[in-house]
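Number of protein chains: 2
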Amino acid sequence: MSDEVRRVGRELVYQGTILEVYKDHMEFANGNTAEWDFIHHNGAAAVVPVMDDGRILMVRQYRNALERETLEIPAGKLDKPKEPGIDCARRELEEETGYRSENMEKLLSLRTTVAFCNERIEIFVARDLISSHQHLDEGEYVDVKSYSLNELKEMIFSGKIEDSKTIAAILAYESRYVHVK
Amino acid sequence: MSDEVRRVGRELVYQGTILEVYKDHMEFANGNTAEWDFIHHNGAAAVVPVMDDGRILMVRQYRNALERETLEIPAGKLDKPKEPGIDCARRELEEETGYRSENMEKLLSLRTTVAFCNERIEIFVARDLISSHQHLDEGEYVDVKSYSLNELKEMIFSGKIEDSKTIAAILAYESRYVHVK
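If you read the protein sequences in the order shown, they are chains A and B. Under the numbering used here, think of the first position of the first sequence as 1, with each following residue one higher. Under the numbering used here, think of the first position of the second sequence as 1, with each following residue one higher.
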């Protein structure tokens with residue numbers, strides 16, 4: 001806890017389907033108090049699937065929260081809080097794209113929105129993709145297509161790709177594997 | 001709306017301090033129904049402040065949601081839903097770091113966590129920084145320090161920097177301005 005601001009209470013105010021919503025009671029060094037929002041999420045994993053020709057497999061799906069389709073790297077929630085990220089990433093890769101991989105490497109992990117949520121996403125690079133079968137969850141409808149890194153960068157900088165895990169992952173892949181000095 | 005999954009109702013279940021929490025009633029093409037979480041956030045802006053020597057100004061602060069300190073680019077919520085991102089970024093730069101800039105350029109925008117939240121962050125690059133005065137909000141305590149791009153990349157790939165807007169912004173800055181071919 002910090003010296004200047006400390007949490008003196010945490011109340012569950014809403015149990016969602018995948019989220020728990022809390023009201024945190026905060027106290028500042030000057031004695032003032034405030035209520036802050038806190039959202040608990042169990043975490044997720046995602047994967048940058050790189051084909052043998054260097055193109056990257058992406059999924060297009062309708063996102064209720066944005067009321068439009070998004071283009072993202074394959075990703076999904078952990079099955080249970082302690083599930084290893086790599087197991088989740090391997091499963092989501094196969095479920096969403098219909099490809100498996102035995103060559104998965106950690107790229108980075110991120111926190112989606114640190115001001116109010118603890119959601120963590122572990123991100124992997126998958127290579128040596130093996131054709132398998134797509135099998136989606138109910139309410140999940142996903143189009144799969146491959147793009148070159150330059151096409152993806154153009155979409156990031158023109159605002160066509162906005163998803164933060166996707167932007168971080170694609171640019172991290174470029175920084176680490178394409179622009180190595 | 002998508003053909004395969006559509007929202008048939010939205011209920012406000014909790015009004016937070018900065019968030020609105022909704023229960024969305026969804027219906028699938030097969031007739032089944034589900035309840036999905038949706039969080040409304042008014043949006044934010046952030047800035048990559050580049051000093052004349054190429055080092056980047058970063059802020060270290062305690063984050064209640066993670067229960068630890070984070071190293072991030074300066075950022076903050078829009079004052080009102082329609083506030084232009086560049087005005088918010090300019091204000092947060094001065095408030096958090098004590099530097100102003102009249103040379104702000106759009107870098108990218110992102111959505112922090114598209115599975116359940118509409119939060120959008122517009123990110124700018126600020127140059128020609130002019131020394132001014134830090135003035136923080138109540139409950140905000142921020143240490144400011146500059147880092148080289150290589151130091152920041154080392155921290156991203158070793159997991160010391162996890163904040164998604166910071167990772168996306170730093171790597172986008174590198175991709176656009178440092179690795180130009």
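Derived by calculation from the structure, the hints in this document are not laboratory data. Check each hint, because a few of them may be wrong.
Given that identical chains are not distinguished, each listed pair holds provided it fits within a single copy or across any two copies.
[Stated by the list, open to error] The calculated DSBU-like cross-link candidates involving lysine-lysine, where the alpha carbons are at most 35 Å apart (straight line), are:
#1 LYS145 to LYS160
#2 LYS82 to LYS106
#3 LYS145 to LYS23
#4 LYS153 to LYS82
#5 LYS80 to LYS106
#6 LYS153 to LYS106
#7 LYS80 to LYS145
#8 LYS106 to LYS160
Intra/inter-copy verdict for LYS106 and LYS160 if alpha-carbon distance must be at most 35 Å:
Result: close both inside a copy and across copies, 26 Å intra and 15 Å inter.
Given a CA cutoff of 35 Å, do LYS153 and LYS82 count as a within-copy pair, a between-copy pair, both, or neither?
both (33 Å within a copy, 28 Å between copies)
Cα distance capped at 35 Å. Does LYS82 pair with LYS106 within a copy, between copies, both, or neither?
within (17 Å within a copy, 39 Å between copies)
Given identical chains, is LYS80 near LYS106, meaning Cα to Cα at most 35 Å, within a copy, between copies, both, or neither?
within (20 Å within a copy, 39 Å between copies)
With identical chains treated as interchangeable, where does the CA-CA distance between LYS145 and LYS160 reach 35 Å or less: within a copy, between copies, both, or neither?
both (15 Å within a copy, 33 Å between copies)
Check LYS145 against LYS23 for me: Cα-Cα at most 35 Å, and say if that holds within a copy, between copies, both or neither.
between (41 Å within a copy, 32 Å between copies)
How do LYS153 and LYS106 come out at 35 Å by Cα distance, when the copy is not named: within, between, both, or neither?
Both. Shortest intra-copy (21 Å) and inter-copy (15 Å) distances satisfy the 35 Å Cα cut-off.
Alpha-carbon proximity context of LYS80 and LYS145, limit 35 Å:
within (29 Å within a copy, 38 Å between copies)
In summary, this structure violates none of the numbered hints.
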